[in-house]
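Undergrad: Kindly generate the complete structure, drawing on both the sequences and the hints.
So you can see what is in the structure, the chains are spelled out below.
4 protein chains.
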Amino acid sequence: MKKIAVFTSGGDSPGMNACIRAVVRTAIFKGLEVYGIHRGYEGMIDGDIKRMHSYSVSNIVQRGGTILKSARSEKFKTPEGRKKAFDNLKSHGIEGLVAIGGDGTFTGAKIFHEEFGIPVIGCPGTIDNDIYGTDYTIGFDTAVNTALEAIDKIRDTAAAHDRIFFIEVMGRDAGFLAVESGIGGGAEFVMVPETATDLDAVVKSLKNLRKTKTSSIIVVAEGDDEGNAEEIMAKVKSKIKDDSKEFKVTTLGHIQRGGNPTARDRVLASRCGMAAVDGLLQGNFACMAGVMNQAVVYTSFADCIGKTKPLIEDHLKLIDILSI
Amino acid sequence: MKKIAVFTSGGDSPGMNACIRAVVRTAIFKGLEVYGIHRGYEGMIDGDIKRMHSYSVSNIVQRGGTILKSARSEKFKTPEGRKKAFDNLKSHGIEGLVAIGGDGTFTGAKIFHEEFGIPVIGCPGTIDNDIYGTDYTIGFDTAVNTALEAIDKIRDTAAAHDRIFFIEVMGRDAGFLAVESGIGGGAEFVMVPETATDLDAVVKSLKNLRKTKTSSIIVVAEGDDEGNAEEIMAKVKSKIKDDSKEFKVTTLGHIQRGGNPTARDRVLASRCGMAAVDGLLQGNFACMAGVMNQAVVYTSFADCIGKTKPLIEDHLKLIDILSI
Amino acid sequence: MKKIAVFTSGGDSPGMNACIRAVVRTAIFKGLEVYGIHRGYEGMIDGDIKRMHSYSVSNIVQRGGTILKSARSEKFKTPEGRKKAFDNLKSHGIEGLVAIGGDGTFTGAKIFHEEFGIPVIGCPGTIDNDIYGTDYTIGFDTAVNTALEAIDKIRDTAAAHDRIFFIEVMGRDAGFLAVESGIGGGAEFVMVPETATDLDAVVKSLKNLRKTKTSSIIVVAEGDDEGNAEEIMAKVKSKIKDDSKEFKVTTLGHIQRGGNPTARDRVLASRCGMAAVDGLLQGNFACMAGVMNQAVVYTSFADCIGKTKPLIEDHLKLIDILSI
Amino acid sequence: MKKIAVFTSGGDSPGMNACIRAVVRTAIFKGLEVYGIHRGYEGMIDGDIKRMHSYSVSNIVQRGGTILKSARSEKFKTPEGRKKAFDNLKSHGIEGLVAIGGDGTFTGAKIFHEEFGIPVIGCPGTIDNDIYGTDYTIGFDTAVNTALEAIDKIRDTAAAHDRIFFIEVMGRDAGFLAVESGIGGGAEFVMVPETATDLDAVVKSLKNLRKTKTSSIIVVAEGDDEGNAEEIMAKVKSKIKDDSKEFKVTTLGHIQRGGNPTARDRVLASRCGMAAVDGLLQGNFACMAGVMNQAVVYTSFADCIGKTKPLIEDHLKLIDILSI
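Residue numbers (the UniProt record's numbering), protein chains in the order written: chain R, 1 to 324; chain L, 1 to 324; chain F, 1 to 324; chain U, 1 to 324.
Just so you know, these hints were derived from the structure itself, not from any lab. Careful: at least some of the hints might be erroneous.
Stated by the list, open to error - Derived EDC-like pairs: lysine to aspartate or glutamate, alpha-carbon spacing no greater than 16 Å straight-line:
{"id": "1", "chain 1": "U", "residue 1": "30", "chain 2": "L", "residue 2": "320"}
{"id": "2", "chain 1": "L", "residue 1": "77", "chain 2": "L", "residue 2": "33"}
{"id": "3", "chain 1": "U", "residue 1": "317", "chain 2": "L", "residue 2": "278"}
{"id": "4", "chain 1": "U", "residue 1": "245", "chain 2": "F", "residue 2": "74"}
{"id": "5", "chain 1": "R", "residue 1": "30", "chain 2": "F", "residue 2": "320"}
{"id": "6", "chain 1": "U", "residue 1": "211", "chain 2": "U", "residue 2": "198"}
{"id": "7", "chain 1": "R", "residue 1": "2", "chain 2": "R", "residue 2": "48"}
{"id": "8", "chain 1": "F", "residue 1": "2", "chain 2": "F", "residue 2": "33"}
{"id": "9", "chain 1": "F", "residue 1": "30", "chain 2": "R", "residue 2": "320"}
{"id": "10", "chain 1": "U", "residue 1": "307", "chain 2": "U", "residue 2": "173"}
{"id": "11", "chain 1": "R", "residue 1": "2", "chain 2": "R", "residue 2": "278"}
{"id": "12", "chain 1": "F", "residue 1": "90", "chain 2": "F", "residue 2": "48"}
{"id": "13", "chain 1": "L", "residue 1": "30", "chain 2": "L", "residue 2": "320"}
{"id": "14", "chain 1": "F", "residue 1": "245", "chain 2": "U", "residue 2": "74"}
{"id": "15", "chain 1": "R", "residue 1": "245", "chain 2": "R", "residue 2": "230"}
{"id": "16", "chain 1": "L", "residue 1": "30", "chain 2": "U", "residue 2": "95"}
{"id": "17", "chain 1": "F", "residue 1": "90", "chain 2": "F", "residue 2": "74"}
{"id": "18", "chain 1": "L", "residue 1": "245", "chain 2": "R", "residue 2": "33"}
{"id": "19", "chain 1": "R", "residue 1": "245", "chain 2": "L", "residue 2": "74"}
{"id": "20", "chain 1": "L", "residue 1": "211", "chain 2": "L", "residue 2": "162"}
{"id": "21", "chain 1": "F", "residue 1": "237", "chain 2": "F", "residue 2": "200"}
{"id": "22", "chain 1": "R", "residue 1": "317", "chain 2": "F", "residue 2": "33"}
{"id": "23", "chain 1": "U", "residue 1": "84", "chain 2": "U", "residue 2": "48"}
{"id": "24", "chain 1": "R", "residue 1": "241", "chain 2": "R", "residue 2": "200"}
{"id": "25", "chain 1": "F", "residue 1": "2", "chain 2": "F", "residue 2": "278"}
{"id": "26", "chain 1": "U", "residue 1": "50", "chain 2": "U", "residue 2": "33"}
{"id": "27", "chain 1": "R", "residue 1": "235", "chain 2": "R", "residue 2": "246"}
{"id": "28", "chain 1": "U", "residue 1": "30", "chain 2": "U", "residue 2": "95"}
{"id": "29", "chain 1": "L", "residue 1": "75", "chain 2": "L", "residue 2": "87"}
{"id": "30", "chain 1": "U", "residue 1": "84", "chain 2": "U", "residue 2": "74"}
{"id": "31", "chain 1": "L", "residue 1": "30", "chain 2": "L", "residue 2": "48"}
{"id": "32", "chain 1": "L", "residue 1": "317", "chain 2": "U", "residue 2": "314"}
{"id": "33", "chain 1": "F", "residue 1": "317", "chain 2": "R", "residue 2": "278"}
{"id": "34", "chain 1": "L", "residue 1": "207", "chain 2": "L", "residue 2": "278"}
{"id": "35", "chain 1": "R", "residue 1": "248", "chain 2": "R", "residue 2": "231"}
Stated by the list, open to error - Covered stretches of chain R (chain F as the covering partner; in silico rule of three or more C-beta atoms under 8 Å from a C-beta of chain F):
{"id": "36", "stretch": "53-61"}
{"id": "37", "stretch": "226-239"}
As the list claims (entries may be wrong) - If you want the ones that stay clear, here's a sample from chain U, every Cβ over 12 Å from chain F, calculated:
{"id": "38", "residue": "10"}
{"id": "39", "residue": "68"}
{"id": "40", "residue": "81"}
We put the CB at the ideal spot given by N, CA and C, even for glycine.
TA: Below, the structure written as structure tokens:
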């Protein structure tokens, strides 16, 4: 293998740039030529591919977003699109790919590998942490801290006015972001898709809590089974029959995707990027380079996509105990 | 004057604690006894009044929210409520008041002073900066920086995906927060209540901009004449007839009210708090202690409430020029 | 076991408060009475012990420092001091202890347990991460991020002036803080006590690097074998025979000990605190509750103190590769 | 005037990039061609001058440092150096200059204007705030907030250990940074060059304070008449004859120069940059564009350099009152 390319795809996450940097510099360190594909699969089809050098990734380790840009591609879902993408890679002499993204990215990469045999390896780039095969995904730690800082700020105003805040965080179908920002933020309740949300129990506890606490924070994962934060607040209000002015909703939204990556995300991203290049050179294809139990592991795309990573049991216990 | 009391009222803002601290310590420094009234006018009516000491305000200069809590009071709008409040003050021997809040707070204070002759002086505590008689209000600088950090984060993801973001910031009927966070955040457009928003012009510019820029940030003040960010995005989308997936809305919400106050807010709050006590001792009643042109000024409540503080002309020019 | 006490000892670290909170609330949740001992072993000897309730730990999860205060105690190193400490615990009916701190704290706890048989369990609270038996210590992640933010800021000014900065970070005899902040900060070199620092190699690389890079960041662990940052800079300058004005030193100092804990530290601290109480109730004494490979583990004080936790091999590789 | 150039010189400060952006875009908006001179006067002599476009300053409003880099130039202090610099400007057809920097920068600009008659206008870029003719300099607000965040962090550890911290902040011969970060950080004492530091009085107060407060923060301006923080701590320790282990020094150093600029600095920088171009077009030469009392003012270089901006009297009072 002499030439490889790297791209980012799907929703962006903080640390993607640190990962790109590690891929580029590890590749050069190992004597490879390296290319950057802009706007993910879309740019692969459009031939938006450029040579990268060591200096191409200077001064980006600390930046959010992705210098290679990201996009969702409908065309890549068609055989014609993928054929065109492969032809573009071939014309550049690219023999291996590093795909940074989430399960949509890996699904595309898996098919692409199966169809054309091109060596491809993934790095887990998503704030949702919903990828099997790595303890944490790149961007998750930054997103949790962003959510936490928002919760800290809202607690100031909640306490000043004796209010109950429903704060909606991202995470798609997974509750990782909600659980960790909820524990860290000292939330009274955390509602996640992985467990059935019992609103009657919440209402009962809330009535009890209000005897001693005058303000409360409820963190709602966007994928919760009882709906989004707005809907859940409406349900709670109708059940609790309390003065409604004290109930407020804040949906954190896209601020959770941006920002300078935390140390943890930069280190994880760097490590995954280095491992991806190592993996390509060692012949580990159609798999993702992640970090589990402090060590690099390669997990097949099939497992990354197909298996579900469970929440940490202790974390759920902590929420119950710490809100007393 | 031997005994005074301090309270916070209306929406809380970062720096209120620094202001309380300055009032308490200046009062003690000048030989006064000082009391804290909890939950604003509501607590004044309920008799929720406690003696404060120098140590009561230790380690709060850096905290958001208000240790005295805040509330809106319907009872204080009635003569009976105000009578009860006055009786409570009298029974504690309180001869002067410092009211930290916005125009609602000052409106109440003005009536209270007129009815009972009690000396009262205000400090401008609101994130909206919509108070005449002070260049900046306590909490505004922190809120602008919070909005700005959010805009910086969103710009990362906007750039990664070539998106157009409509970001709604607070400010009630004033555009200060939108203008300063818009200039600071490098926004392409800023929509404020003080000027007529011309959506056709925006759409035209946006089409032009898209030739060279692939992502754009549009800051919308919550009081804009064309509606909130969600409504404005819908209007723009229908006018521009562009692929809609690239248009996104983020409403920053209550994170703008919280957080550790900035240096500017802590210094301003400290200065206003000191000036309020000085003002009471000098016989400046029914007015607000603010800072204009680097100097303390006292402005009558009538003017604070009745007069409108205009946006800075240069700031509006900057937005037009800098977005090219 | 009906009554337990918790204390913090040695250097403080961000997340200690979150840990105290978890100990207190878990204890109450499990039906125990819980006491707080102020100023560590010193307060244990002085009898500075107070009952704690659920509300005693409200609103502290996000605060740096320790509400129980910390101190180093010479008296506890004497048999008389420890006897007095034990008598104070007995007079309060305290039957178990949770000690939050580093190896000095655990050394004291081990002796105390051996002498008086009192059940005691530790939680790893130190920014240095130099404790065997836990992947990370409470406070480490916050300290790394604080160091990283400082490095990011210094990089701005280093780049503006084409300078070479030697930044000294804490970590005592361990290089964890230097390594992770160095990788995260994109440092050109990281010097740690665990590996022999070869200044001639650094000087050679630095000369090479200067052909393409005009500024460089060198992170120095305070315990490095070649001396502190000031000394190392002097040695490099004398070897490199370059214009000296471009070489600068910044010693980050005590800012690394403070600040609001990160999400990771709050979650880790909460988990260790819960596990400590669980451990006491299960009869796990003279050991520390840590988290390894995502699971709670109890490690004997003897191992925590006696064994050395190595740096992660991959991290050292990353530094070499990423600085090209 | 058809072609102008912009450069940064002297110590860098956060907001310089926002100022460059405003100069470039205002110039283009007004129909001018605009050039960037790299590394200040040094680059002017070396002919390091490049055309700038609107996109040259995209995505820099939020970055610390300066994309044009800065340097100190010995050559520009000679007539030969300045002649060469002028010839380089002439050969590019550059008819006007915007110089962003502090008093060293303006001293050079003044001589250059006197010798060659070239129109030149300054923008106040320095974290020290020691420039007459503007209420605040570009970078000061960011530096104060950086110092303040450091003080907040140190207060955590100071309080945990009952310590007395001497924190040295920058500011050259001026105490602005020390005063505002001291008020904002709730410092017990602030020592500045503008007033005689009375160490005996400090020691007396410190002894009194220690009866009620167990930790103290003392902010020392680097230019204080009693020496730097290390020296002052030694003097206080020898006078107070107290257990010396509790006294600590932290010198904040170069972190104060970097970091993303605050909202206030970005807005001020943008405004000064726009005003500088307006000034050149209006024929205001050999002066600085600053903002006083909310309005743009042009002050001659002679006054900027020669006159001293005093500290705000109220701020000094606040320190005495608030530390009780």
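Undergrad: State for each hint whether it applies.
TA: So, going through the hints one by one against the coordinates:
1. U/30 <-> L/320: holds, 12 Å
2. L/77 <-> L/33: violated, 28 Å
3. U/317 <-> L/278: holds, 12 Å
4. U/245 <-> F/74: holds, 13 Å
5. R/30 <-> F/320: holds, 12 Å
6. U/211 <-> U/198: With a Cα-Cα distance of about 21 Å, the restraint between residue 211 of chain U and residue 198 of chain U is violated, given a limit of 16 Å.
7. R/2 <-> R/48: Given that 16 Å is the threshold and the Cα spacing comes to 20 Å, the pair is violated.
8. F/2 <-> F/33: It holds: about 6 Å lies between the C-alpha atoms, which stays within 16 Å.
9. F/30 <-> R/320: Answer holds: residue 30 of chain F to residue 320 of chain R is near 12 Å, not above 16 Å.
10. U/307 <-> U/173: Holds: residue 307 of chain U and residue 173 of chain U sit about 13 Å apart, inside 16 Å.
11. R/2 <-> R/278: With Cα atoms ~13 Å apart, residue 2 of chain R and residue 278 of chain R stay inside 16 Å; holds.
12. F/90 <-> F/48: holds, 13 Å
13. L/30 <-> L/320: Roughly 50 Å separates the two Cα atoms, so the pair is violated.
14. F/245 <-> U/74: With Cα atoms ~13 Å apart, residue 245 of chain F and residue 74 of chain U stay inside 16 Å; holds.
15. R/245 <-> R/230: holds, 14 Å
16. L/30 <-> U/95: Not satisfied, since the Cα-Cα distance of roughly 59 Å exceeds 16 Å.
17. F/90 <-> F/74: This hinted pair is violated, its Cα atoms lying about 21 Å apart.
18. L/245 <-> R/33: Violated. Residue 245 of chain L to residue 33 of chain R sits at ~35 Å, over the 16 Å cutoff.
19. R/245 <-> L/74: Holds. Residue 245 of chain R to residue 74 of chain L sits at ~13 Å (cutoff 16 Å).
20. L/211 <-> L/162: OK: residue 211 of chain L and residue 162 of chain L at ~12 Å, within 16 Å.
21. F/237 <-> F/200: Holds. Residue 237 of chain F to residue 200 of chain F sits at ~11 Å (cutoff 16 Å).
22. R/317 <-> F/33: Violated, at roughly 20 Å.
23. U/84 <-> U/48: holds, 12 Å
24. R/241 <-> R/200: Roughly 13 Å between the alpha carbons, so the hint for residue 241 of chain R and residue 200 of chain R holds.
25. F/2 <-> F/278: Roughly 13 Å between the alpha carbons, so the hint for residue 2 of chain F and residue 278 of chain F holds.
26. U/50 <-> U/33: Given that 16 Å is the threshold and the Cα spacing comes to 11 Å, the pair holds.
27. R/235 <-> R/246: holds, 15 Å
28. U/30 <-> U/95: Status holds; Cα separation ~15 Å.
29. L/75 <-> L/87: It holds: about 14 Å lies between the C-alpha atoms, which stays within 16 Å.
30. U/84 <-> U/74: Status holds; Cα separation ~13 Å.
31. L/30 <-> L/48: violated, 25 Å
32. L/317 <-> U/314: Violated: residue 317 of chain L and residue 314 of chain U sit about 34 Å apart, past 16 Å.
33. F/317 <-> R/278: holds, 12 Å
34. L/207 <-> L/278: violated, 56 Å
35. R/248 <-> R/231: holds, 12 Å
36. 53-61: holds (count 5)
37. 226-239: violated (count 0)
38. 10: Incorrect as stated: the minimum Cβ-Cβ distance to chain F is 10 Å, not above 12 Å.
39. 68: Non-interface label on residue 68 of chain U violated, nearest chain F Cβ at 9 Å vs cutoff 12 Å.
40. 81: holds, 18 Å
Violated hints, listed in ascending order, are 2, 6, 7, 13, 16, 17, 18, 22, 31, 32, 34, 37, 38, 39; each of the other numbered hints is respected by the structure.
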